[in-house]
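Construct all of the structure, not just a fragment, from the sequences and the given hints.
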Amino acid sequence: MRHNPRVTTDAERLRELVHKVNNLIGVVYTQAAVARTSSDPEAARKAVEMIESAAKDTADVVKQCRSRE
Numbered sequence: 005m006r007h008n009p010r011v012t013t014d015a016e017r018l019r020e021l022v023h024k025v026n027n028l029i030g031v032v033y034t035q036a037a038v039a040r041t042s043s044d045p046e047a048a049r050k051a052v053e054m055i056e057s058a059a060k061d062t063a064d065v066v067k068q069c070r071s072r073e
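Just so you know, we're using our numbering here: the sequence shown kicks off at 5 and counts up by one.
Read the hints as simulated data drawn from the structure, not as lab findings. Bear in mind that the values here come from a model prediction, so they are computed numbers and not experimental data. C-beta atoms are modelled at their ideal positions from N, C-alpha and C, and glycine is treated no differently. Mixed in with the good hints there might be a few duds.
[As the list claims (entries may be wrong)] Derived BS3-like pairs: lysine-lysine, alpha-carbon spacing no greater than 25 Å straight-line:
1. 24 to 67
2. 60 to 50
3. 24 to 50
4. 60 to 24
[As the list claims (entries may be wrong)] Beta-carbon label-pair distances, calculated as ranges:
5. 60 to 19: 36 to 46 Å
6. 27 to 50: 29 to 39 Å
7. 37 to 60: 12 to 22 Å
8. 43 to 13: 41 to 51 Å
9. 72 to 44: 33 to 43 Å
Structural data, given as structure tokens:
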């Protein structure tokens, strides 16, 4: 059985995609907790900005992935 380099490449790309999206979801989850529990309006505002940024970055990662199809 021959080794197919494309399968390895696809698997590596998938792992990279999952890693990036997982990290961005972690940002959203953490900052949502900050926004929800903070008594400091400025801290809550910054947390929401970070959530917005992570959402945009996630959309960009997915867009890049779709452009490789």
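Quiz item: Honestly, do residue 37 and residue 60 meet the 12 to 22 Å range at C-beta?
Solution: holds, 20 Å
Quiz item: Does residue 24 lie within 25 Å of residue 60 when you go C-alpha to C-alpha?
Solution: holds, 13 Å
Self-check item: 25 Å limit on alpha-carbon distance, applied to hinted pair residue 60 and residue 50
Solution: With a Cα-Cα distance of about 15 Å, the restraint between residue 60 and residue 50 holds, given a limit of 25 Å.
Quiz item: Do the Cβ positions of residue 27 and residue 50 conform to the proposed distance bound of 29 to 39 Å?
Solution: Once the Cβ atoms are compared, 19 Å apart, the range 29 to 39 Å for residue 50 and residue 27 is violated.
Quiz item: Taken at face value, is the distance from the CA of residue 67 to the CA of residue 24 at most 25 Å?
Solution: Holds: residue 24 and residue 67 sit about 13 Å apart, inside 25 Å.
Self-check item: Cβ distance range 36 to 46 Å for residue 60 and residue 19, holds or violated
Solution: Given a distance of about 23 Å, which is not inside 36 to 46 Å, the answer is violated.
Practice problem: Mind checking the hinted window 33 to 43 Å against the Cβ distance between residue 72 and residue 44? | Solution: Holds, since residue 72 and residue 44 (Cβ atoms, about 42 Å apart) stay within the stated range.
Exercise. Assess, step by step, whether the Cα of residue 24 is no farther than 25 Å from the Cα of residue 50, and give holds or violated.
Key: holds, 22 Å
Self-check item: residue 43 versus residue 13 beta-carbon gap, inside 41 to 51 Å or not
Solution: Taking Cβ atoms as reference, residue 43 and residue 13 lie about 49 Å apart, which means the hint holds.
Violated hints for the displayed structure, listed by number in ascending order: 5, 6.
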